[in-house]
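Chains as they are written, first to last, in our numbering: chain A, 25 to 265; chain B, 25 to 265; chain C, 25 to 265; chain D, 25 to 265.
Note that these hints are calculated values from the structure, not bench results. Keep in mind it's a predicted model, so treat the numbers as computed, not measured. Hints may be right or wrong, so weigh each one.
Just so you know, same-sequence chains aren't split out, so a pair can sit in one copy or run between any two.
[Unchecked claim] In silico lysine to aspartate or glutamate, DMTMM-like type, Cα no more than 20 angstroms apart, as pairs: (1) K250 <-> D83; (2) K182 <-> D90; (3) K258 <-> D173; (4) K258 <-> E48; (5) K258 <-> D66.
Protein chains: 4
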Amino acid sequence: MSDQDVIQAAIDDLVIANHILFSEGIVDAFGHVTMRHPTRPDRYLMARTLQPVFVTRADIVEHDIDSNPIPRDAPPTPWERFIHGEIYRVRPDVGAVVHSHAPAVLPFSVAGETRLRAICHTAGFLGDGAPIFEIRDFAGDSSNLLVQDNRLGAALAKTLGSSMAVLMRGHGFSVVGASLYEAVYNAINTDLNARVEMNALTLGRVSFLTPGEAAAVSQTHNTSLKRSWEVWAKRAAGELR
Amino acid sequence: MSDQDVIQAAIDDLVIANHILFSEGIVDAFGHVTMRHPTRPDRYLMARTLQPVFVTRADIVEHDIDSNPIPRDAPPTPWERFIHGEIYRVRPDVGAVVHSHAPAVLPFSVAGETRLRAICHTAGFLGDGAPIFEIRDFAGDSSNLLVQDNRLGAALAKTLGSSMAVLMRGHGFSVVGASLYEAVYNAINTDLNARVEMNALTLGRVSFLTPGEAAAVSQTHNTSLKRSWEVWAKRAAGELR
Amino acid sequence: MSDQDVIQAAIDDLVIANHILFSEGIVDAFGHVTMRHPTRPDRYLMARTLQPVFVTRADIVEHDIDSNPIPRDAPPTPWERFIHGEIYRVRPDVGAVVHSHAPAVLPFSVAGETRLRAICHTAGFLGDGAPIFEIRDFAGDSSNLLVQDNRLGAALAKTLGSSMAVLMRGHGFSVVGASLYEAVYNAINTDLNARVEMNALTLGRVSFLTPGEAAAVSQTHNTSLKRSWEVWAKRAAGELR
Amino acid sequence: MSDQDVIQAAIDDLVIANHILFSEGIVDAFGHVTMRHPTRPDRYLMARTLQPVFVTRADIVEHDIDSNPIPRDAPPTPWERFIHGEIYRVRPDVGAVVHSHAPAVLPFSVAGETRLRAICHTAGFLGDGAPIFEIRDFAGDSSNLLVQDNRLGAALAKTLGSSMAVLMRGHGFSVVGASLYEAVYNAINTDLNARVEMNALTLGRVSFLTPGEAAAVSQTHNTSLKRSWEVWAKRAAGELR
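Work the whole structure out from these sequences, hints included.
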């Protein structure tokens, strides 16, 4: 494929990712998914400010690593694009980022004593627990909770560290993947793990994945990411019941 | 726009609000949404007694501030219209009111020790907790729980005070907004906050929004209310999966 | 209307009731709804052994008060029809009966220390708590839990007493109404009350309806049963989103 | 019917079972259902590696009791087919097996102090509790949790013993039936029982089925398995609302 074909294929997938995340309840009118530019790793692709379910190819905008849209007179892009740019800056292993307010994950963002940890084999990427980003430590105690500049984005990326997911207190979470398929998979399975863990904790003492198991299941699942993607894409397109 | 155009546009939106609230599970065969008349602030618009999902333009009836339909021989309007009229009377900042029996909110109306408080950034309007209207204090201990006269409506409005939402014990809740878009947004996010808070409380000690955060997130969200509205309206119209 | 017209209208409603209860999740492949014969109060109408969602007019069979089908060579009717017949025998105020295995109600049938009580204004008919039918007391500790003869039906009806709903341990519940509309309404709101009460109890001390409130809200709601029915019927017919 | 007709009918049912399990939320892009070959009991039928919702007749592959596909150059079949083969080897009473990751069951797989037991009359097959397969005991503490060889399959089958369901820690469960209809019924009702038991345990002390009741209700339900199947098949085909 030519570079142009590669870029077009990436954009097509990014449009589908927007629709999948809406259809699976990970984003609603808000929330976003981005991917690193396939031929220019210092850039990333993100839909302009628009509800994910309405995104088309024409809505995808390039951004530089400082989260400036290219060209500068592009239509407005999300206030919180800095989440994405600052993660791409410090995590060369990351190829895509999802930011979500999914209701099942939110409880773990505000109940700091109970970590969101890998409890089932589809969520090994959570390891021994997602870190929590407490924005009060960086923006004071009267902020609007949004990560809307490079400084806050960098603080979030630092809290993420080498993890694959970071909870954002009272706000949501951000999750990454080596590829767009992996980030979407991880987003949907963060939500699943949260629901399972919440219910399991009501039943008594719980057995989480060991670090070795968490690593092993992630490796296994990452070999078949397209399998879930195909089902989700069909459902988002209204072709499944 | 002429006054008549403004009124027609308001009515169109009110019809859509009825359909959205049904489609999002906030009302079923019962429950209602009203808006202050756009050119006569001493009046409000409300559908006649009819299931919200069936409401059309022709079903919208003007009411005066005492909750009398105009004209007086209009078709019957809801028994509980006094909720709306008495709030409009004492809250000039309020442009729309939703009254709902949503099942996720009801538990907080009967469990007075646990306040429904702003826990996530889409529900800052709940502040440090919605007050609870205990109708026994006003109608005795054998009432049908309905707010069906001006006196009870005034008592409810007084309990609401300067809050944006009031829980009604064993019955439901009422929520307000500066605009129709804001009231619908607040209704749907009251339900969301209830589900998140209920789950979070099972996980241990919880961090709620500070007063400053609650105010800041509300201010931010109120700048993009149409973004959610457009998604909900499409879904109510059957155009989304 | 002629008697024949009255009977045909009753059968039409009974078919719709079957579809509503399936569509609202109260019955699945099992469960049933019956109504007292509109002109012969010592008989009742019930679909032959068939999944409720598939029931048509031709499937409705008359039964005498002993739960014999009329004519005797009618197609097979449900094993548990005795639930219905024995309730009609001792409760002249009852015009219709629903028997359901709805999953949200089942927990209250097995957790005898926590009564299913009227907690919200749409379920006043539950009063201060639905009695529990423990079939072990009548059929021993190795039964198949089914109420499949007149003796067990009579025992169930006795446990029901003057209540409107009876829980059946590990099995489901049966609920009655003066009319078919009321029984369907009560079935759906038994399920709703169970979900609300289950969640409310996790929040701390709870305020239930007083006996006076329970009576008053029932009286009020029974004046507008058709309002819910019309929405449910449209949804069952696939005409609502 | 000729043997060939019997086999074709079995394959048709197996295709429908795949679609039902997807439509009822028991499998998603992963999970599988198999049946013993109807004329060669030392073989079983299983779809090639493919999302269950996409399975057609052409995708069904024969396997010998060692879980080798026949012919050997058949398209790839699931890594975890050994779950099925090893159960068929030691359980001549088993005619079909479902393997699932259903989220409502997972909590019971990790909370070993709380057994998943028969609590309602549609899940008598769970008896006094499904055993839990702890793969750490057989594959060490850094495995990918998958049962992907004959040795692990045999260990799982041994943990299953004479039960009808076995939970797999952090992974899911496997459930069997004398027939395909029974295995599908048992899979869906394992999920239902888990949801009911989880909620019931929050209400206080709980009454489970006695061993005699569990046996009796299973015997009763196994006489009308097609009744549920027909509803599920219609829903999977998009013919029900």
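Hint by hint, here is what the structure shows:
1. K250 <-> D83: between (24 angstroms within a copy, 19 angstroms between copies)
2. K182 <-> D90: The answer is within: 16 angstroms in one copy meets 20 angstroms, while 50 angstroms across copies does not.
3. K258 <-> D173: Neither way: K258 and D173 sit 36 angstroms apart in one copy and 32 angstroms across, limit 20 angstroms.
4. K258 <-> E48: both (11 angstroms within a copy, 17 angstroms between copies)
5. K258 <-> D66: neither (32 angstroms within a copy, 37 angstroms between copies)
Hint check: violations occur at hints 3 and 5; the rest are consistent with the structure.
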